[in-house]
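From first to last, the protein sequence lines stand for chains A and B.
Numbering-wise (this note's numbering), the first sequence opens with residue 10 and increments by one.
Numbering-wise (this note's numbering), the second sequence opens with residue 312 and increments by one.
Since the hints were made in silico from the structure, they are not lab data.
Glycine included, every Cβ here is placed at the ideal spot set by N, Cα and C.
Don't take each hint at face value.
With a Cα cut of at most 27 angstroms, we get these calculated DSS-like pairs of lysine-lysine [unchecked claim]:
hint	chain 1	residue 1	chain 2	residue 2
1	B	516	B	534
2	B	334	B	324
3	B	516	B	399
4	A	460	B	324
5	B	321	B	342
6	B	321	A	460
Here are the computed distance ranges between Cβ atoms for each label pair [to be verified]:
hint	chain 1	residue 1	chain 2	residue 2	range
7	A	93	B	540	28 to 36 angstroms
8	A	93	B	346	51 to 59 angstroms
9	B	334	A	425	33 to 41 angstroms
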Amino acid sequence: MSGFSQPERRGLERMQVTKPEAHPDADLLTAFTEHSLTPREREQVLAHLASCADCREVVAVAGSPLVEPVPEPVRKRAFWEIPVFRWGAVAATTVVVVAAVSLGVHERSESPMQKMISETPPTMQSAENKVVAEPSAANEKSSVAGVLEKPEFPKKEVAAKTEANAAPVQRRAPHLQEQVRYEAPHANQDKDERAAGGELAQNAVPAPAAPKVAAAAPTSRDAMVGSTANGGLAKGENAPMMAARNVQDLKQVPPPAAGAAAGAPSREAANYARVQAPPQANQTVAVTSENVMVQTAPPPPPPVPSEVKNSLAPAAQTAEITASKTKRLKAFAFETGPIKSLDTGTTWQITRDGILQRSSNGTNWESMLSDHTFRTLTVFSNHVWAGGDHGLLYSSADNGSTWNSQFVHSGDTSVTGTIVRLHFTDTQTGSLQTSTGETWNTGDGGQTWSKQ
Amino acid sequence: MGDLVYQTSKAHKFDISQPEFEKWVLGVAQKYLPAEVTQAEAEDFVGNLRLEDLALARACAAGNERAWEQFMHRFRELLYDAALGIAKESSQAKDLADSIYADLYGMHEREGQRVSKLSSYMGRGSLEGWLRTVIAQEFINRYRSRKRLVSLEEEEEEGSQFAAPDPVPAASSDSRVDTVIDQCLAALDGESRAILSAYYLDGRKLAEIGRMLGFHEATASRKLDRITKALRKSIREGLLKQGMSKRQADEALETDVRDLAIDVRKSLAQEKGPQTF
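The whole structure should be built from the sequences, with the hints applied where relevant.
In structure tokens, the structure reads:
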């Protein structure tokens with residue numbers, strides 16, 4: 010940084026007014042820090058701050074976080090952030106996925122999974138065969154195979170299969186896709202966050218209402234990993250689940266549904282148990298006709314951006330998941346972004362220190378509501394919701410220009426715990442889940458809430 | 312729009328009537344909006360107000376018990392957490408928070424009427440942010456008043472009677488330099504001057520400046536660098552226009568010899584004596 014000479018410094022000192030005529034009131038200073046002022050007002054406050062050390066101190070002190078955040082390292086623009094390279098990488102990945110799927114189809118006859126199926130009891134075997142033999146797209150079959158095979162397969166093969174699994178995951182309905190995205194066990198998960206996730210799962214948080222096919226009939230792969238028929242989390246599971254992308258995630262797959270959960274063996278054994286045991290009432294291995302229907306349904310057309318378009322508002326689009334977000338999902342249970350709204354082109358994220366940030370170009374980040382610590386966020390078009398501890402919830406309907414504090418309550422009952430999940434299917438309809446196992450729904454963008 | 316404003320505020324939960332609430336909103340608009348304002352601007356202004364927070368604050372100021380219950384539920388912890396974050400020391404923080412709470416509740420009376428600080432909340436920013444600002448203002452005022460009341464004995468112990476007087480900002484030997492510098496600084500926009508003041512006068516870190524002004528630390532660094540370079544360039548051009556040569560202009564902007572002397576004087580200030588044991 011270039012230096013500042015003493016004459017220039019003295020000029021700044023001369024600029025300071027020892028007794029200004031009028032200071033901005035607390036409302037204006039607050040609105041300034043929250044970016045709620047008009048441009049003209051903001052310029053006036055800035056001009057005052059430039060010459061009033063007292064008010065600068067108030068703004069600095071009022072905005073100071075409870076814990077000093079670690080400064081964000083300056084991110085160099087990686088090669089995949091350059092559009093040409095990014096789309097080239099997408100094209101190359103697609104080629105690899107297609108090749109892996111093709112290899113998976115050819116290799117199935119020799120796979121351990123086939124041996125396993127041949128050893129399963131007849132009752133289960135019929136279900137397995139039904140799943141495997143259904144003339145669905147190879148992707149769905151390999152996804153089922155991939156789940157069953159996971160304890161046996163070396164990491165790279167499972168990774169290949171999970172890449173194949175990525176395709177069907179992406180081709181599901183947007184709601185289910187997001188639901189799957191949120192259900193995330195991670196090998197590298199921080200202990201506290203794992204505990205929070207575990208606490209959440211143990212309280213049996215069901216998913217919010219979803220389109221009929223998606224809600225009633227998750228793919229059998231989801232069924233294998235313990236989802237209930239309504240697409241929610243099975244009771245008694247130790248951690249939320251996701252469409253896993255590596256064997257470490259898959260090893261974290263929780264035990265099956267409540268009926269089999271009590272005194273359940275290890276997770277890997279539980280997977281086998283689901284395969285071996287006869288189907289029970291809540292046994293997710295039992296493939297229902299609806300599941301089969303989903304299995305056999307032709308895959309919806311790609312690509313991902315059109316996939317996530319909102320059917321209610323064609324012009325509005327849900328968030329785009331960036332490569333770095335996938336990496337982040339593996340490290341945290343919370344949805345912290347980066348999430349990019351294709352409508353506005355704005356990317357949102359929450360830093361490790363809980364600072365909400367937005368960027369118009371993915372490189373320069375602007376902190377928002379920096380006196381709050383957030384844990385999770387969601388974006389729908391130009392609507393943003395960010396949640397944190399003690400039911401903290403802020404929303405913006407104008408891409409972060411203005412914010413409203415939402416008080417999540419119903420009558421005399423108010424939300425407890427940390428908001429760990431936020432999910433909106435449009436700008437009005439959404440839900441949140443807390444660390445204490447509560448689920449709250451809203452139909453008016455967060456103005457009012459009802460506890461589920 | 313009045314109905315929408317009233318519904319959004321949920322003021323009915325605290326038995327606040329619509330005409331009463333609209334009167335409050337009108338008062339806020341009259342305070343901040345210029346006399347000549349379009350309907351669209353007025354609607355935009357009202358739309359950006361924190362109506363729910365305003366209803367809650369004003370209901371509390373009026374003594375509504377239900378409002379106070381909600382206020383305490385939402386803000387009791389925040390008050391203490393914010394005070395702790397500002398004061399950095401728990402007993403001081405508690406003292407600060409208790410004092411603020413008393414002001415908010417309205418422990419003082421004016422003309423027989425209970426006066427609550429919450430009645431001055433206008434809804435321009437969030438109530439939570441407003442509380443933090445109020446706490447910060449109170450903390451800074453207390454700290455300043457405490458500094459003025461330091462005892463003479465304490466000053467003698469610290470050897471303050473031997474301390475060199477605070478140096479008065481010395482004028483440049485050439486008055487043209489100060490004139491040009493003042494002109495160039497005045498030509499900068501408010502944000503640029505605020506960044507320079509916060510960094511060079513207050514000694515704030517870039518992360519702090521970014522938090523204050525609403526951008527990332529890296530952005531603060533780039534802005535500071537750009538502003539400093541642009542200022543130096545405009546000052547140099549101004550000095551050349553005043554008839555100085557390039558060399559004279561560069562020399563004028565270098566460190567003044569008198570400043571070096573002042574630095575030496577500071578470094579030779581009396582140190583504290585050795586501890587007895």
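Given a hinted range of 51 to 59 angstroms, is it respected by the beta-carbon distance of residue 93 of chain A and residue 346 of chain B? 55 angstroms, holds
Verify the proposed pairing of residue 321 of chain B with residue 460 of chain A, using a straight-line Cα cut of 27 angstroms. 19 angstroms, holds
Would you mind confirming whether the straight-line C-alpha gap from residue 460 of chain A to residue 324 of chain B stays at or under 27 angstroms? 19 angstroms, holds
Decide if the proposed pair is consistent with the structure: residue 334 of chain B and residue 324 of chain B, CA atoms, cutoff 27 angstroms inclusive. 17 angstroms, holds
Given the hint that residue 516 of chain B pairs with residue 399 of chain B, test it: the Cα-Cα distance must not exceed 27 angstroms. Holds. Residue 516 of chain B to residue 399 of chain B sits at ~18 angstroms (cutoff 27 angstroms).
Okay, residue 93 of chain A versus residue 540 of chain B on CB: inside 28 to 36 angstroms? 32 angstroms, holds
Residue 516 of chain B paired with residue 534 of chain B [C-alpha distance capped at 27 angstroms]: Answer holds: residue 516 of chain B to residue 534 of chain B is near 13 angstroms, not above 27 angstroms.
Outcome of range test on Cβ distance (residue 334 of chain B, residue 425 of chain A; 33 to 41 angstroms): 36 angstroms, holds
Would you check the hint for residue 321 of chain B and residue 342 of chain B, treating anything up to 27 angstroms between C-alpha atoms as holding? 23 angstroms, holds
Against the hints set out earlier in the document, no violation occurs for any number.
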